[in-house]
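Chains as they are written, first to last, in this note's numbering: chain A, 1 to 596; chain B, 1 to 596.
Read the hints as simulated data drawn from the structure, not as lab findings. On a predicted model such as this, the values are computed, not experimentally measured, just so you know. Take the hints with a grain of salt, since some may be wrong.
Identical copies look the same in the list; a pair holds intra-copy or inter-copy alike.
[Claimed, not checked] Calculated cross-link-like contacts (lysine to any residue; reagent style SDA-like; alpha-carbon spacing at most 20 Å):
1) K500 - R462
2) K331 - L546
3) K335 - V267
4) K180 - A281
5) K545 - E63
6) K331 - L591
7) K331 - N512
8) K335 - G226
9) K225 - R325
10) K180 - E255
11) K335 - H375
12) K335 - H169
13) K335 - G175
14) K500 - G223
15) K47 - L243
16) K545 - P183
17) K331 - T583
18) K547 - A595
19) K331 - A595
20) K547 - E207
21) K545 - Q332
22) K77 - G272
23) K242 - F100
24) K77 - D381
There are 2 protein chains.
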Amino acid sequence: MPSYQAPIDHVRFLLNDVFHIERHANLAGFADATPDLVDAVLSEAGKLCEGVLQPLNQSGDREGCVRHADGSVTTPKGFKAAMKTYAEGGWLGLSVDPEFGGQGLPYVISAAVGEFANSANLAFAMYPGLTQGALAALLTHGSPEQKATYAAKMTAGEWLGTMNLTEPHCGTDLGLLKTKAVPNADGTYAITGQKIFISAGEHDLGENIIHLVLARIEGAPAGVKGISLFIVPKFMVDAAGKLGARNGVSCGSIEHKMGIHANSTCVMNYDGATGFLIGEANRGLNAMFVMMNEARLGVTTQGLAVSEVAYQNAANYARDRLQGRALTGAKQPDKAADPIIVHPDVRRTLLTIRAFNEAARAFVLWSALNSDIAHRSADADMRRTADDLLGLMTPILKGVLTDLGFENTVRAQQMLGGHGYIEEWGMEQFVRDARIAMIYEGANGIQALDLVGRKLPRDGGRAVQAFFGEVSGFVSQTESDPAMAPFSGLLRLALGDLQKATLWLMQNGLANPDNAAAGSYDYMHLFGLVALGYMWGLMAQATLKLKADGDTSDAIATRLIVGQFFMERILPETRLRLARLSTGATTVMALPAEAF
Amino acid sequence: MPSYQAPIDHVRFLLNDVFHIERHANLAGFADATPDLVDAVLSEAGKLCEGVLQPLNQSGDREGCVRHADGSVTTPKGFKAAMKTYAEGGWLGLSVDPEFGGQGLPYVISAAVGEFANSANLAFAMYPGLTQGALAALLTHGSPEQKATYAAKMTAGEWLGTMNLTEPHCGTDLGLLKTKAVPNADGTYAITGQKIFISAGEHDLGENIIHLVLARIEGAPAGVKGISLFIVPKFMVDAAGKLGARNGVSCGSIEHKMGIHANSTCVMNYDGATGFLIGEANRGLNAMFVMMNEARLGVTTQGLAVSEVAYQNAANYARDRLQGRALTGAKQPDKAADPIIVHPDVRRTLLTIRAFNEAARAFVLWSALNSDIAHRSADADMRRTADDLLGLMTPILKGVLTDLGFENTVRAQQMLGGHGYIEEWGMEQFVRDARIAMIYEGANGIQALDLVGRKLPRDGGRAVQAFFGEVSGFVSQTESDPAMAPFSGLLRLALGDLQKATLWLMQNGLANPDNAAAGSYDYMHLFGLVALGYMWGLMAQATLKLKADGDTSDAIATRLIVGQFFMERILPETRLRLARLSTGATTVMALPAEAF
């Protein structure tokens, strides 16, 4: 059975030594986040994830969710108790405004905890994760009454949330959606239609389920400009906050999936269910985007999280498994064989995963900190820049970290040879679970299109220019330091590739949008590589500072080697990505559809 | 439910127009392989695979194999009848010597049919596939009596075969194996020990199962030089060929795996089972290698095969699924949306898979033809060159085609969005099934080590020099033709990268074998890219010849575009692989084991 240990030390290093969260003490909630408190939070979260959630991961996968004839759904053994523990610990509300029962801590802390939970048990973590996404949309766009009715219960994890977008004929293209909302006399709406792929759509983990549902009000314009967002509670809630009658929404079936078996993926049938409009009519997509962006960061974290736990188990195996001898002579001649970690190709594989994990964690926390700044800073310029960067990076985070996270689970599985393919060892579950993150919340090809088609040109390229400026400033500032040269020098080359690619896209995408789209996936990955390389630059700088300050721990030397591996072996892929996208759309678009 | 159509036209093009099998009419069996006969064989094989095997693929995955309390194993519904049909059609013996009941056709035909079977139902195809591997070892190393006893029954598919290598503590490192063989007075041996991960170890598909088992004769030298190979039939066979008593071998349990559920992966217990030495004592590894090389080509084909069927289903979906609009304006304005195949990134994905599939198929058949020449040519020089190339290419075929084949199943799954993750659609099964091919018959990291450590330096690099000579001769001969320039020019660059990498490995691997091992995986993929690029060169040349001869079919234009995509977008990865491996072992080996 696989094991898991939360990477608390690395998070602490990132928060304190790399991102210096103490410098943001002027932001709401940050002053409370003293190093001691953060340590306590991380340590408690680690214990919970290691001790409560992780032991249910494999059994949850085997058991799966069961839908009964009455439409109710039972989650695997232990999930109900785990959810109670998780909710009562206040983990859903870690960064929620105290007005609604939260602890008001920085979102960056909540993001770190989210990684632990997803490493320990991805299928479980989706239940609170989706609730947090729904809550974010409610707090941003809901009326005071709606917040008063739902927010505290959701923060407390007593009521859970979902997001209902997809319909059988409409996934990416929400403009096609048909679910209809007919106004009732009392100002509510009767919602009718079918939604599919609804994660956590029905289950037994909370007293109520608050569905946020996209639907089209009768007579609304066609396309995405006629979509509104509704709150549809499973049980109606009266003025006193007591649960009332069952609403007209039910789970028609659950899907049999490749992975995340312990999360119920439901077909949801709305039969004149009572819905409450949230935000403005026909502006539902706008409200939904708050939730979707939150959810995309959550899914990003899943890519990292499964890569981390897969790494830990692959490394443990590689240290233990005796097989063959080192090429340079026996390392443990007293034993029948050497552990396979003596082999360069095993180390190459492990370092590939680890170099990603550490940079990806930095990238997630850097982005979460930007989210904090964007939401909490008093300085409009800072808010704007942070929001620009977060908007730009969201598709890159989601697309790149889930792609690479999945690939890493495959690499980690490979380290166990035949055992990696056997359910008992748990590695193949990581592969199956990680796979969904590339698909949901906008398939990664859609993220690439969002990046190239929307995020890049937005505001005349202001966000991308800000990022280029930040990275090139960092390079200029550090490359004269010989200890930093291996990082800064290669980062400069990679940034150059990204700048060339950006220029190419701007010039050729204008002439023909297919040029930009044909290169979008390579561009997204090229951008991701530079962002991860920049994170390694920041981490190397902070590590060298600690070293200069007298830190002689093994972690210092290890981190610099892992970083160097990233710069030497992984970052140079930027050149290939640039070469590919520069070939344009001619060949890609040359064939008629029937030739495929 | 997914569908499958055997790519008969492409195989025909490869055999006739690219590899000109008619030029080898002097080889045994080739004269019989007239275009008409080959067409008939391929067409019958296609029908069988499409009509009988493929419909059992998804149900076989769901049902899996069941082991009963008495140790017997039941395969999924329909498998028994399908095996009977497959066996009675003579498909196991397609290229087996008529002396043992085979049809004696070229192995290259059998390899093409093997792809169809693996596309249709990989878990099923393993049963006859392993039998063919065991049979090859028997025919090469068995005594006349052993051949007389077993070969015809195995050729007929009445008795099936297995290979028993792995033990709990010993996978890659066979020197550690403990299963023991104690000589009996009658010249047989009593075999005792436990084998794990034995594919098709027990089932209900044949009257008998002929296990080929590696064991150590009492008193034999330690390590790989003390291993012998034994025939251990499930049921003893008397002099008249009749089945007798049950032998002392049984299935202790079956594994629960990520995929290939319909193939029984068994723990096999040998309790003093009667075994018959095959070949010389203590030379078992040598005999096993015949089987292993055959099996590696089989596994190679699996990588291609699943990639092909996954492609077909992804392309069908992309043509059918209406969602969103083309960036350059609606293509089907009368419908609610355009099919997603209008999108450049969808096409990029499909072309990535297809450009691999066509080149991989060529590479497999090119290698199978080399196997025919190596085994059947009267010319010693031709035999030697063919054998050199086959030996060199075996790890590349296995490592690269199964890696890329798996990646392609993931890409194809992605094309279906959320549906790709749902069991019902069948795409996720392709991913789970294809995954095993990277692991068994020598995990791909081992293939890379075999390439760099053994195949490359063998005979002073004779094989690799022969390949470089062949490719550079092709480039020189074709690059002056303007129509070939896009192929030859890029192939020359890629070959240059491979030659530089080879030189780097020779120079730096001598100084420190860790340098070679740290770059082995990148080298294997670099080599594979050049081989696939060379196949595209050959296919482009043959296509242009057909065009010049007046062929105006759509297939001509399509093939040239698909090939151009490969050269532009995929082949340039050689440069990255070269850059990576040239970084050597220093960083990779810098950390102590406990730092991981």
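K225 and R325: within-copy, between-copy, both or neither at 20 Å Cα: between (65 Å within a copy, 16 Å between copies)
Treating 20 Å as the Cα threshold, decide for K545 and E63: within, between, both or neither. neither (49 Å within a copy, 59 Å between copies)
Using 20 Å as the alpha carbon limit, work out where K545 and P183 are close: within a copy, between copies, both or neither. The answer is neither: 62 Å in one copy and 68 Å across copies each exceed 20 Å.
Within, between, both or neither, where K77 and D381 count as close if Cα-Cα is 20 Å or less: neither (50 Å within a copy, 67 Å between copies)
Using 20 Å as the alpha carbon limit, work out where K335 and H169 are close: within a copy, between copies, both or neither. between (60 Å within a copy, 13 Å between copies)
Is it within a copy, between copies, both, or neither that the alpha carbon of K335 lies no farther than 20 Å from that of G175? between (65 Å within a copy, 13 Å between copies)
Pop the pair K500 and R462 into one bin, within, between, both or neither, using alpha-carbon distances up to 20 Å. Only inside one copy: K500 and R462 sit 17 Å apart there, 43 Å across copies, limit 20 Å.
Which holds for K77 with G272 at a C-alpha limit of 20 Å: within a copy, between copies, both or neither? Answer is neither; intra-copy 33 Å and inter-copy 44 Å both fail.
How would you label the pair K335, G226 (within, between, both, or neither) given a Cα cut-off of 20 Å? For K335 and G226, the Cα distance is within 20 Å only across copies (19 Å; inside one copy 71 Å).
What label fits K545 with Q332 when the C-alpha limit is 20 Å: within, between, both, or neither? neither (37 Å within a copy, 60 Å between copies)
Alpha-carbon proximity between K547 and A595, which holds within one copy, between copies, both or neither at 20 Å: between (60 Å within a copy, 17 Å between copies)
At 20 Å max between alpha carbons, let me know whether K335 reaches H375 within a copy, between copies, both or neither. Answer is neither: 58 Å inside a copy and 42 Å across each miss the 20 Å cutoff.
Checked against the numbered hints listed earlier, the structure breaks hints 2, 3, 5, 10, 11, 14, 15, 16, 17, 20, 21, 22, 24; every other hint is satisfied.
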